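Participant: Chains as they are written, first to last, in our numbering: chain L, 1 to 321; chain Z, 1 to 550.
Derived by calculation from the structure, the hints in this document are not laboratory data.
Hints may be right or wrong, so weigh each one.
On the chain L side, residues computed to face chain Z include the following (Cβ under 8 angstroms) [what the hints assert, rightly or not]: (1) Leu23; (2) Ile37; (3) Arg49; (4) Glu55; (5) Val58; (6) Glu67; (7) Met81; (8) Phe82; (9) Gly85; (10) Arg152; (11) Pro159; (12) Phe186.
Keep in mind it's a predicted model, so treat the numbers as computed, not measured.
No residue lacks a Cβ here, since even glycine has one placed at the ideal position from N, Cα and C.
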Amino acid sequence: MLCFVPLLPREASTMAPAVDHLLYFEIAISVVLAALIFILLFVFAIKYRRRYDDEVPVQIPGNLPLEITWTVIPILIVIVMFIWGVKLFVAMAKPPAASVHVYVVAKQWMWKIQHPEGPREIDELHIPVGVPVELIMTSQDVIHDFSVPAFRVKMDVLPNRYTTLWFTATSVGRYHLYCDQYCGTFHSHMRGYVDVMSQRAYERWLSGGMQHAESMEAAGAKLYESYGCITCHGTGKGPPYVGLYGSRVTLDNGQTVIADDAYIRQSILDPSSQIVAGYKPLMPTFQGQISEDQILEIIAYIKSLATTPGAQGTQAAKETK
Amino acid sequence: MGTASTTALQPPVGEHRIHYLNAKYGIKSWLLTTDHKRIAWLYLAATSFFFLVGGIAATLMRLNLIEPQGAIVQPETYDKLFTIHGTIMIFFFLAPVIPTVLGNFLIPLMVGARDVAFPRLNLLSWYIFMLAGTIFLYCVISGGVDTGWTFYTPLSTTYVNTHVFSAALAVFISGFSTILTGLNFIVTVHKMRAPGLTWFRLPLFIWSLYATSVIFVLAMPVIAITMVLLMLERLFHIGIFDPALGGDPVLFQHLFWFFGHPEVYILILPAMGVISELVAAFTRRRVFGYGFVAFSSFGIAIVSFLVWGHHMFVSGQSVYAGVFFSAMTMAVAIPSGIKVFSWTATLYKGSVSFDAPMLYALGFLGLFTVGGLTGLFLASMGLDVFVHDTYFVIAHFHFIMVGGAIMGYMGGLHYWWPKMTGKMYPDYWARLAALIIFLGFNLTFGPQFILGFLGMPRRYAMYPPNFQFLNIMSSAGASILAVGYVMPLVYMIWSLKYGPDAGPNPWKAKGLEWETASPPPTHNFEVTPVVTEEAYAYVSNQPAVVTTAS
Chain L
1 MLCFVPLLPR EASTMAPAVD HLLYFEIAIS VVLAALIFIL LFVFAIKYRR
51 RYDDEVPVQI PGNLPLEITW TVIPILIVIV MFIWGVKLFV AMAKPPAASV
101 HVYVVAKQWM WKIQHPEGPR EIDELHIPVG VPVELIMTSQ DVIHDFSVPA
151 FRVKMDVLPN RYTTLWFTAT SVGRYHLYCD QYCGTFHSHM RGYVDVMSQR
201 AYERWLSGGM QHAESMEAAG AKLYESYGCI TCHGTGKGPP YVGLYGSRVT
251 LDNGQTVIAD DAYIRQSILD PSSQIVAGYK PLMPTFQGQI SEDQILEIIA
301 YIKSLATTPG AQGTQAAKET K
Chain Z
1 MGTASTTALQ PPVGEHRIHY LNAKYGIKSW LLTTDHKRIA WLYLAATSFF
51 FLVGGIAATL MRLNLIEPQG AIVQPETYDK LFTIHGTIMI FFFLAPVIPT
101 VLGNFLIPLM VGARDVAFPR LNLLSWYIFM LAGTIFLYCV ISGGVDTGWT
151 FYTPLSTTYV NTHVFSAALA VFISGFSTIL TGLNFIVTVH KMRAPGLTWF
201 RLPLFIWSLY ATSVIFVLAM PVIAITMVLL MLERLFHIGI FDPALGGDPV
251 LFQHLFWFFG HPEVYILILP AMGVISELVA AFTRRRVFGY GFVAFSSFGI
301 AIVSFLVWGH HMFVSGQSVY AGVFFSAMTM AVAIPSGIKV FSWTATLYKG
351 SVSFDAPMLY ALGFLGLFTV GGLTGLFLAS MGLDVFVHDT YFVIAHFHFI
401 MVGGAIMGYM GGLHYWWPKM TGKMYPDYWA RLAALIIFLG FNLTFGPQFI
451 LGFLGMPRRY AMYPPNFQFL NIMSSAGASI LAVGYVMPLV YMIWSLKYGP
501 DAGPNPWKAK GLEWETASPP PTHNFEVTPV VTEEAYAYVS NQPAVVTTAS
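Same shape as in the complex, but just chain L:
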């Protein structure tokens, strides 16, 4: 739309036009209201300029209908902006069920990207065009923010927690990726690119990477043995892990939780915080012994053994293989 004077980055995701429509609406409203104020100020200031030094003008204390008008009309305008903004935000917050999962671990000052199929990259994210991609993100240190202006989306990346961000790229190309949350000395170095590729090129890229890297679930399976998880979870001493992902788990305090990424992560790092009903709090914490990348690999492994339809993402990813 604004191709001669680039005032906005290229619209490169399904969300971008929707955001831009709201943006144009708010710019239009702002221009109209600001122009109204500016013109009135200008006209009044010139027309009613002081004619002689002692002039005191006619006094108008107020005008109730007018004051109600300029209270009610702005209320109606902001209600529209509010509802439109909320609708857009909810759409951004809810990823489509069948999206490709990619894992992001942020640290001062780089983006570590892990594809379930195995390839790892730094400050680069390769994704296919036209397929919804969901990023599952966490930070190793401070708060960062994953922002791709061409997609019109961003999300903070927090330590000790998973946040998600999804988008469907609409055109092949290379787009800036920024850290938008101040994260220390070299915050401005924490930039990279998102490479949107055609489906075929993406598959070729993925399989090229496969020669060097094993898939996340394969890596997770190895970790599952090397960290000794298998000695309890698999022998009946601890709760089972096959079919765990996405299932409902009843805790010893009677609470029921869904076994998602965050649940598994917390169970590894702080096992005593959520004891599964019927089991003893025997498991030691792995805080400080296991990296965020490894936790994600173990999650990918457990996810691959899911029996409930909670892990479509991985299945969708498998189909692309």
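We have chain L; now place chain Z onto it with these hints.
Facilitator: Positioned in the frame of chain L, the structure of chain Z alone reads:
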């Protein structure tokens, strides 16, 4: 404009009238004064100094951003510069400046009192402020701090090696100064009003400073507590904010912004009060819709405590919380809108003069309108996601804080300068400076809206080369803005010695402060004033109007 006729207005008392400035001499008579007018000068000196320091930091930042790779400093230094700029401008200039300089000088005069309710507490506030400021300067000199003025955890508690402790301590202490000032003003307005000066006869400046004082008293304790927790966490790792110790870094953001957003209104409400006075005086009109304008200050003060989450739409807070905060933020726009419409309507059929203070007021109206409207972009959740933490946000809040708060302050300082000093500044230079500030401001911050749309993140020491052109425009604007800010410093100091005498009421304005001499006597009024009329009770003298009056 008014200078030609001021000689006629001079009191016939003779050359050596005793007033608050010449009643006593010597450094002790200033440093131990309990006179609210002299304390205002102490604050004027202190806040001007901090404005200079914060301004130098901003100048270096803008210089650095001329080159994509950083023109003059390394990222480490740049990070310290924007932290120093933000912390000083927010805590040591913008928040205190209008209440402590103009408020201190004018509240007792406007309510017809001899002083504020607690004069000694008033002086104590200044000393606490200076202690806090000195600690912050120590922090700067000993190496600085690079957390950003927002001190986000766990960066501030665990990861940076700079002087976070002294910076947090300075902010902690500065809060007490503002709390005491707020208390003092609240009691003064309640208890010290002259006979006949009912609440609805108060000037709107008093209404907005009263609302500001309420926020001072309620919001400042929260930042104090937050800073204490931050210091404890940094020293003893008690595990409140640090996720490695089971803490929640987002909790810090909630606490910080629970203070932080009311703080924004601490900055703008006093300026709104000044603008009401300026618009009334330079149109010789009662402000259109006095009641609406007065109550909108309270509407803003109350709702401002319920909007903090709009800083956190992408921080991982729940969608439902976000929806609530978005709605509240939209709501707080309404009273601001009412004020702008009311001020604009006050010009209608008024007697509009273009003295320097009014130029600042007109500048405020234009820039605050832009700042307010762009705030709606950030309140709309889906749109905020796009521009959050980009230069769009920088541009937006500088339109409010510089285009709004500083324009208001400069206008107020020029308006009441003759009252404070008894002297007029050169009108031509003052108007020229106002114009230069307005143009420089727009060139500095206008391009930053577009930088934000293009995606340039805030707090970047280096940036991709495609942002360079707009950054150069912005830096060019900043140099013009700097010239505009230096000019008043020169001609106002000049006016102290060479300015013509102003007389008690050079603007022929209404208000108790204009009924006493300039500079006022030590006890403000020779006789306690008795108020018998509304605020801004201008009586029309236009012959054509007589038929429609009554």
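Participant: Look at each hint and say if it fits the structure.
Facilitator: Status of the hints after comparison with the structure:
With a least beta-carbon distance of about 6 angstroms to chain Z, the hint placing Leu23/L at the interface is held under the 8 angstroms criterion. Using the Cβ-Cβ criterion of 8 angstroms, the hint placing Ile37/L at the interface with chain Z is satisfied: the shortest such distance is roughly 5 angstroms. Because the beta carbon of Arg49/L sits about 5 angstroms from the nearest beta carbon in chain Z, less than 8 angstroms, this interface hint is met. The interface hint given for Glu55/L holds, since its Cβ lies 4 angstroms from the closest Cβ of chain Z, which is under the 8 angstroms cut-off.
Because the smallest distance between the Cβ of Val58/L and any Cβ of chain Z comes to about 4 angstroms, under 8 angstroms, the interface hint for this residue holds. Because the smallest distance between the Cβ of Glu67/L and any Cβ of chain Z comes to about 5 angstroms, under 8 angstroms, the interface hint for this residue holds. With its C-beta approaching chain Z no nearer than about 5 angstroms, Met81/L sits inside the 8 angstroms limit, and its interface hint holds. Using the Cβ-Cβ criterion of 8 angstroms, the hint placing Phe82/L at the interface with chain Z is satisfied: the shortest such distance is roughly 5 angstroms.
Using the Cβ-Cβ criterion of 8 angstroms, the hint placing Gly85/L at the interface with chain Z is satisfied: the shortest such distance is roughly 3 angstroms. At a threshold of 8 angstroms, the smallest CB-CB gap from Arg152/L to chain Z is about 5 angstroms, leaving the interface hint in force. Satisfaction of the interface hint for Pro159/L is found here, the shortest Cβ-Cβ separation to chain Z being roughly 4 angstroms, below the 8 angstroms cut-off. Satisfaction of the interface hint for Phe186/L is found here, the shortest Cβ-Cβ separation to chain Z being roughly 6 angstroms, below the 8 angstroms cut-off.
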